[in-house]
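S.K.: So you can see what is in the structure, the chains are spelled out below.
Protein chains: 2
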Amino acid sequence: MAKKKKADKDDKLKAKVKKLRTKAKALKAELAAVAPAKIKSKTVAVSPLAPKSFPDLPQIGGVEFASAAAGVRYAGRTDVMLARVAPGSAIAGVFTTSSTRAACVLDCQAKLAMRVPQDAGAAIIVNSGNANAFTGQAGQSAVDAVTGAVAEALDMPASRVFSSSTGVIGEPLPYEKIVEAVTGLKDSLSPAGIEDAARAIMTTDTYPKGAMAEIEGDGGTIRIAGIAKGSGMIAPNMATMLVYLFTDARISADRLQKMLSRQVDDTFNAITVDSDTSTSDALIVAATGQSKAAEISDLRSAEAKAFEAALRSVMMDLAHQVVRDGEGATKFVEIRVTRAASKEDAHRVAMSIANSPLVKTAIAGEDANWGRVVAAVGKSGAQADRDKLKISFGDMVLAEKGWRAPDYSEEAASAYMKGEELVIAVDLGLGRASKSVWTCDLTHGYIDINADYRS
Amino acid sequence: MAKKKKADKDDKLKAKVKKLRTKAKALKAELAAVAPAKIKSKTVAVSPLAPKSFPDLPQIGGVEFASAAAGVRYAGRTDVMLARVAPGSAIAGVFTTSSTRAACVLDCQAKLAMRVPQDAGAAIIVNSGNANAFTGQAGQSAVDAVTGAVAEALDMPASRVFSSSTGVIGEPLPYEKIVEAVTGLKDSLSPAGIEDAARAIMTTDTYPKGAMAEIEGDGGTIRIAGIAKGSGMIAPNMATMLVYLFTDARISADRLQKMLSRQVDDTFNAITVDSDTSTSDALIVAATGQSKAAEISDLRSAEAKAFEAALRSVMMDLAHQVVRDGEGATKFVEIRVTRAASKEDAHRVAMSIANSPLVKTAIAGEDANWGRVVAAVGKSGAQADRDKLKISFGDMVLAEKGWRAPDYSEEAASAYMKGEELVIAVDLGLGRASKSVWTCDLTHGYIDINADYRS
Numbered sequence: 291m292a293k294k295k296k297a298d299k300d301d302k303l304k305a306k307v308k309k310l311r312t313k314a315k316a317l318k319a320e321l322a323a324v325a326p327a328k329i330k331s332k333t334v335a336v337s338p339l340a341p342k343s344f345p346d347l348p349q350i351g352g353v354e355f356a357s358a359a360a361g362v363r364y365a366g367r368t369d370v371m372l373a374r375v376a377p378g379s380a381i382a383g384v385f386t387t388s389s390t391r392a393a394c395v396l397d398c399q400a401k402l403a404m405r406v407p408q409d410a411g412a413a414i415i416v417n418s419g420n421a422n423a424f425t426g427q428a429g430q431s432a433v434d435a436v437t438g439a440v441a442e443a444l445d446m447p448a449s450r451v452f453s454s455s456t457g458v459i460g461e462p463l464p465y466e467k468i469v470e471a472v473t474g475l476k477d478s479l480s481p482a483g484i485e486d487a488a489r490a491i492m493t494t495d496t497y498p499k500g501a502m503a504e505i506e507g508d509g510g511t512i513r514i515a516g517i518a519k520g521s522g523m524i525a526p527n528m529a530t531m532l533v534y535l536f537t538d539a540r541i542s543a544d545r546l547q548k549m550l551s552r553q554v555d556d557t558f559n560a561i562t563v564d565s566d567t568s569t570s571d572a573l574i575v576a577a578t579g580q581s582k583a584a585e586i587s588d589l590r591s592a593e594a595k596a597f598e599a600a601l602r603s604v605m606m607d608l609a610h611q612v613v614r615d616g617e618g619a620t621k622f623v624e625i626r627v628t629r630a631a632s633k634e635d636a637h638r639v640a641m642s643i644a645n646s647p648l649v650k651t652a653i654a655g656e657d658a659n660w661g662r663v664v665a666a667v668g669k670s671g672a673q674a675d676r677d678k679l680k681i682s683f684g685d686m687v688l689a690e691k692g693w694r695a696p697d698y699s700e701e702a703a704s705a706y707m708k709g710e711e712l713v714i715a716v717d718l719g720l721g722r723a724s725k726s727v728w729t730c731d732l733t734h735g736y737i738d739i740n741a742d743y744r745s
Numbered sequence: 291m292a293k294k295k296k297a298d299k300d301d302k303l304k305a306k307v308k309k310l311r312t313k314a315k316a317l318k319a320e321l322a323a324v325a326p327a328k329i330k331s332k333t334v335a336v337s338p339l340a341p342k343s344f345p346d347l348p349q350i351g352g353v354e355f356a357s358a359a360a361g362v363r364y365a366g367r368t369d370v371m372l373a374r375v376a377p378g379s380a381i382a383g384v385f386t387t388s389s390t391r392a393a394c395v396l397d398c399q400a401k402l403a404m405r406v407p408q409d410a411g412a413a414i415i416v417n418s419g420n421a422n423a424f425t426g427q428a429g430q431s432a433v434d435a436v437t438g439a440v441a442e443a444l445d446m447p448a449s450r451v452f453s454s455s456t457g458v459i460g461e462p463l464p465y466e467k468i469v470e471a472v473t474g475l476k477d478s479l480s481p482a483g484i485e486d487a488a489r490a491i492m493t494t495d496t497y498p499k500g501a502m503a504e505i506e507g508d509g510g511t512i513r514i515a516g517i518a519k520g521s522g523m524i525a526p527n528m529a530t531m532l533v534y535l536f537t538d539a540r541i542s543a544d545r546l547q548k549m550l551s552r553q554v555d556d557t558f559n560a561i562t563v564d565s566d567t568s569t570s571d572a573l574i575v576a577a578t579g580q581s582k583a584a585e586i587s588d589l590r591s592a593e594a595k596a597f598e599a600a601l602r603s604v605m606m607d608l609a610h611q612v613v614r615d616g617e618g619a620t621k622f623v624e625i626r627v628t629r630a631a632s633k634e635d636a637h638r639v640a641m642s643i644a645n646s647p648l649v650k651t652a653i654a655g656e657d658a659n660w661g662r663v664v665a666a667v668g669k670s671g672a673q674a675d676r677d678k679l680k681i682s683f684g685d686m687v688l689a690e691k692g693w694r695a696p697d698y699s700e701e702a703a704s705a706y707m708k709g710e711e712l713v714i715a716v717d718l719g720l721g722r723a724s725k726s727v728w729t730c731d732l733t734h735g736y737i738d739i740n741a742d743y744r745s
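As given, the protein sequences belong to chains X and Y, one line each in that order.
For the first sequence, our numbering begins at 291 and goes up steadily by one.
For the second sequence, our numbering begins at 291 and goes up steadily by one.
Keep in mind the hints are simulated off the structure, nothing from the lab.
Fair warning: this is a prediction, and the values are worked out from it, not measured in the lab.
Keep in mind that the hints are not guaranteed to be accurate.
One copy or two, either will do: identical chains are not told apart, so a pair holds if it fits within one copy or between any two.
[What the hints assert, rightly or not] Here are the simulated DMTMM-like cross-link-like pairs (lysine to aspartate or glutamate), alpha carbons at most 25 Å apart as the crow flies:
id: 1; residue 1: Lys306; residue 2: Asp685
id: 2; residue 1: Lys302; residue 2: Glu485
id: 3; residue 1: Lys476; residue 2: Asp657
id: 4; residue 1: Lys678; residue 2: Glu624
id: 5; residue 1: Lys548; residue 2: Glu504
id: 6; residue 1: Lys302; residue 2: Asp486
id: 7; residue 1: Lys467; residue 2: Glu700
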């Protein structure tokens, strides 16, 4: 009897264990279902849309990099990068148009406007962990301290030292930490340090971003290498996130600036992660002129056009990499608007769709909910005619002539949505203007990152 | 020995049970932490910000309601409501400005423009489950069938039958189901049916929305009762979600329209859940003239002003209820902008903050991240001066004179964020214009609802 009792008790306990195991399994499954991003963020650090590896970037004659762990905010990682470019380099840049832009952005803009002669060298110093934005007079003092220290160490005028800061807004920048790191940075400058530099400027980025291009100029090769950081607060407005491009092309600052300004609209200004424009966006390009190719002195020449196309391709590559690292992103989406009445309208419609939380959550849920695309077109304020509108997902026409397409297949549309790279195309049927913008989906991962992380 | 072994085995099993229980508890806690809204949505159906109960609405002389389960899309609930207003009623309305607005919206606008004499009665028929938007010519045919059936049943011209549809976009409206329900609706019309009507028009709403006001007119009481639906795709643009207001006031359609148009900007146009403007927004008000109070014939009279104030209070109440039922909302937030250079600027800054995903996720995470408010002011395009800006959460000044306020306390700010109702105030320090808008936070609940639900 006692034995029987024991056995019963055993069985009961075993049953309990089994029941609890099932329960734990169910809870785990539920957890995975409701917050897949949360689980991923613990086991997979890198965006699923990331390139396989950091590209093999060419060294650019006259450019050296260094990075260091100054302890601005993060522990156990680098957070400052320094780039030195040789005397004779042309510098150009575009910046955020935010009315609350950071002290370092205002400083860069002022310095570029000074048009300091190119015979001085130049430097770029960037820290992550603190944006030095909305930090009042102390913000400018911090910029002066940091750029002054670099100027002294590298023996160049402070007016040729450009700085960027990225991270939390409104907290004083612990600039002494950066100043202290300058000597060490100077001592470790190397033409091969660009990948480490790309890592040092990351904030919520899950991978470092690099891109390159090479073209044959008149008499030699011209190389372009660039790095970028950006993941959230991405909706550049006539500017960018943090991007640094280096080339050995021989070109004047004016011509470089012209090319840059003209290519930014279709590249960095054509991406959005969350419609939030940063206070710190900056894109700086340095051309050292150390290529053997002849100077680019006529913007209409074949060489100039080839160089501008190469520059554009590097900018586009980096812009797409920023979207692919969008906070919580699991899908990379092109919104392609054609036959709009004007270029402005094409841009408005594309951005209205790309920024619509309902479109972005539908994409996250792999739901071919083209009705939400219709609503986003409707709210954009752009000229649109319901009966001329055509909406396609990939090659599939889903809606036209004011209604669902005759051969619409919910099944085929749903299957398409399972892909990692999607194209949502809207043909407005009104004019000749077109515009593509790139965005990502809106997932639990975005909420996880931004409801907890103070950036 | 055997006994000892048994006991050991028992202990082991007991330990296993204990371990698994702890694990299950931890998993449950993790589940609750990462997806509180998901858990809530299973156990608590109603928004935590909902009013305690549906208000006690006065019956309005000359107005009757009926509702029915026509099976448009949802099972086991009502989805059609009919309101009949007596002959002699004035009707006014405002509608979405979306360029892809629904067939029923276009139909209402056309009918209101016809200025049919008030001696005919009028009716409003609304279905949930299908928006009849982007449904081409079939959309208008469906509206004609539904409003025609109501006109015949109630013996009034079809030009006095106004319809709304809300739900999925781009699918054909199964109008026969609604037509079939009309006779039953007619037979169950009752002056007391307003709460059931409010329930019948819900989609992702978690509670029915009603509001009322009573004022003493010249010679008698004037009553206003209204109902609304709305939870997602809420960013009205010179219009609203679905709102129906009824009053026994004696007032002409023109005067009623004037009051309505003038009050909509500060009420329904001042709310946003997700920046997405609907294709179906409609606000219709009917005034039956059955109050004993004298006619409101001079808009500058004290009576007219009192009535307009009462109308506004009902509109504001319903607008706030829509935000309180915002998809996934856990916080009700007023964004209060003062001393802007112009009214447009005040509106732009307020909406830029209210629609910022980064501000909304910070609120969800109870993070007093005022830096994101700074960024949202900066991106708005409105005139702003960093050094004149003052940002307060509740009564606490967090930032002023271009920097963190001198007595800023992270602890106090964080404590404030734990409240359910928050005020984020931005004083631009430039002019005299001000604007308040109301919004909610952006949570996992929003993603849950919209990555799965096709609306």
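S.K.: State for each hint whether it applies.
M.R.: Hints versus structure:
{"no.": "1", "hint": "Lys306 x Asp685", "in the structure": "neither (53 Å within a copy, 54 Å between copies)"}
{"no.": "2", "hint": "Lys302 x Glu485", "in the structure": "neither (59 Å within a copy, 52 Å between copies)"}
{"no.": "3", "hint": "Lys476 x Asp657", "in the structure": "neither (52 Å within a copy, 38 Å between copies)"}
{"no.": "4", "hint": "Lys678 x Glu624", "in the structure": "within (21 Å within a copy, 40 Å between copies)"}
{"no.": "5", "hint": "Lys548 x Glu504", "in the structure": "within (20 Å within a copy, 65 Å between copies)"}
{"no.": "6", "hint": "Lys302 x Asp486", "in the structure": "neither (58 Å within a copy, 51 Å between copies)"}
{"no.": "7", "hint": "Lys467 x Glu700", "in the structure": "between (57 Å within a copy, 23 Å between copies)"}
Of the hints listed earlier, those the structure fails to meet are numbers 1, 2, 3 and 6, in rising order.
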